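Peer 1: Here's the letter readout for the chains.
There are 2 protein chains.
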Amino acid sequence: MSLLITGSVAFDTIKTSRGVAEEVLGGSATYCAYAASFFTPVWLASAVGEDMPAENFEDMRQHHIDTTGIEVVKGGKTLHWVGRYSNDFQERTTESVDLNVFGDYDPTLPEEYRGAEYVFLANGAPEAQKAVLEQLPNRKLALLDTMNLWITESRPALLEVMKMSDGMVLNDEEVRLLTEEPNLLAAARKVAAMGPAIVVIKKGEHGAILLADGRPFVLPAWLTETVIDPTGAGDCFGGAMMGYLASVGEVTFEALKTAVSYGTVVASFCIEDFSLNRLKSISLDDIERRRTEVASMVSWN
Amino acid sequence: MSLLITGSVAFDTIKTSRGVAEEVLGGSATYCAYAASFFTPVWLASAVGEDMPAENFEDMRQHHIDTTGIEVVKGGKTLHWVGRYSNDFQERTTESVDLNVFGDYDPTLPEEYRGAEYVFLANGAPEAQKAVLEQLPNRKLALLDTMNLWITESRPALLEVMKMSDGMVLNDEEVRLLTEEPNLLAAARKVAAMGPAIVVIKKGEHGAILLADGRPFVLPAWLTETVIDPTGAGDCFGGAMMGYLASVGEVTFEALKTAVSYGTVVASFCIEDFSLNRLKSISLDDIERRRTEVASMVSWN
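Chains as they are written, first to last, in the numbering used here: chain U, 396 to 696; chain H, 396 to 696.
By construction, these hints were calculated from the structure, which means they are not laboratory data.
Any given hint could be a false lead.
Identical copies carry no separate label here, and so any pair may be met within one copy or between two of them.
Stated by the list, open to error - Quick list of in silico lysine-lysine cross-link-like pairs, BS3-like style, CA-CA up to 27 Å: (1) K469 - K598; (2) K598 - K652; (3) K585 - K598; (4) K535 - K469; (5) K469 - K652; (6) K410 - K558; (7) K525 - K675; (8) K675 - K585; (9) K652 - K410; (10) K585 - K652.
In this text the structure is predicted, and so the values were computed from the model without any measurement.
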């Protein structure tokens, strides 16, 4: 099934106890698209500046990501995020963010993209997310991600796009901010009542919670000592989930649970290196192998 | 197999957003013993003051907890802990703690107890934990719990009792404090290198990690909206684990995983009411039923 992903394509400067990466490729849609592309080809809609090197587009295309939908704004600059992680990776501080051309992104999708049936709205302004949805009359499954900024600054627009979405993927901090409910199961139920029937709460090292048809499913994260850079892990989680769902073309509870397991595994690879480095070095076989190890790590009688 | 549990029997005053409980029965060994007693009879060794009502001993005995080993110190007062939880139960503050007779507890076990093969050292001073171990020449499995206070104030004694123990059960905050390692898998490996071959890290609402023979196992917590009072949940976790292990009389990796699942379930009941109230109202059937639900909540293909 055709899959469209929209969100940011960006430069990240990332500072961690394990090293610093300067102006590397990042962005919610980038991570999401790479993760999804292990399962199905991806159409990517975003906006960048002229400073984005052509080799990044070439890399994406080699990874089955169509880049026709990435607008290159003449004379513009690409979104640049600078972030720092605490030594234990428990806290992330944004040192600066220049939205640049992504701040004015008013998506006009290529004709071909408008037939997309599966769409993932990776983190970005809710207004742009809504504009994308409105250009997709054939959509069967729309999953939505967001971040603290939009929850506090663009709440009405976010609530609107939530009503138009079939599912929402967000982290524990975001869901608590959105619902003002500290209990995660209760918070997930509140989100479902606000529109998206499928809710996935990402808890980083503690795994994820799925709520669909009122039924909960919980999966721990892959237990690892190899954490180099957590940036993009949540986007990879959503992207892999969506890529798998689009590849099987069904959204049963069983398919959603399997999708969560793929999200868990691809996110676990993402954090093993800076930027997209680790994702570029693995294959679906590696993903399947670790998925078996995750199954073994959580199995009991 | 015979099971001995030692630690505190106390009065707790607990303040939460769901209400206040004044001077109710608590203590690490109390919670631990009640949890274990669903699986096997328990010998309980502790010290209380003359202010402990006789009905508490009677209740324990009805729950297959032998109280011969609880010294009642003449003219003494029972440990009294006063704690407050934040509205979201994410933080706990000790408002006051009067160790009273438990501060001077120098255990002398009843003759019968000295044949115990399974022993759980619930939270208490490492010196007293060591004194208990030294009175148990036939011990086959000794599991150790502790708390921040002993890690910072009695580190040498704690390290000594760790070397004498077969396993350690502690929470994420404690293991990070003990090992100065933020990554929980790496921290668990460090603990194992310090003595106890079996390590269980309790993560509250995020579940638990088991490391044994270098192999990890992860189980999420029971997902619930019913949280009244988290006090004692960790003690119940360890107690149920140990009760199960003592009841089957083996310590294989499979048995340990099953033990973790019982710990998870009994802890989930504990938090549904103040003090021991919920544990007193359930049966092993209720535990088995919820264990099936936990299995269903985490199962996938």
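Peer 1: Evaluate each hint against the coordinates.
Peer 2: Structure-based check of each hint:
no.: 1; hint: K469 - K598; verdict: neither (39 Å within a copy, 50 Å between copies)
no.: 2; hint: K598 - K652; verdict: both (16 Å within a copy, 23 Å between copies)
no.: 3; hint: K585 - K598; verdict: both (17 Å within a copy, 24 Å between copies)
no.: 4; hint: K535 - K469; verdict: neither (34 Å within a copy, 74 Å between copies)
no.: 5; hint: K469 - K652; verdict: neither (43 Å within a copy, 59 Å between copies)
no.: 6; hint: K410 - K558; verdict: neither (37 Å within a copy, 39 Å between copies)
no.: 7; hint: K525 - K675; verdict: neither (31 Å within a copy, 53 Å between copies)
no.: 8; hint: K675 - K585; verdict: neither (37 Å within a copy, 33 Å between copies)
no.: 9; hint: K652 - K410; verdict: neither (34 Å within a copy, 38 Å between copies)
no.: 10; hint: K585 - K652; verdict: within (20 Å within a copy, 33 Å between copies)
When each numbered hint is compared with the structure, violations occur for hints 1, 4, 5, 6, 7, 8 and 9.
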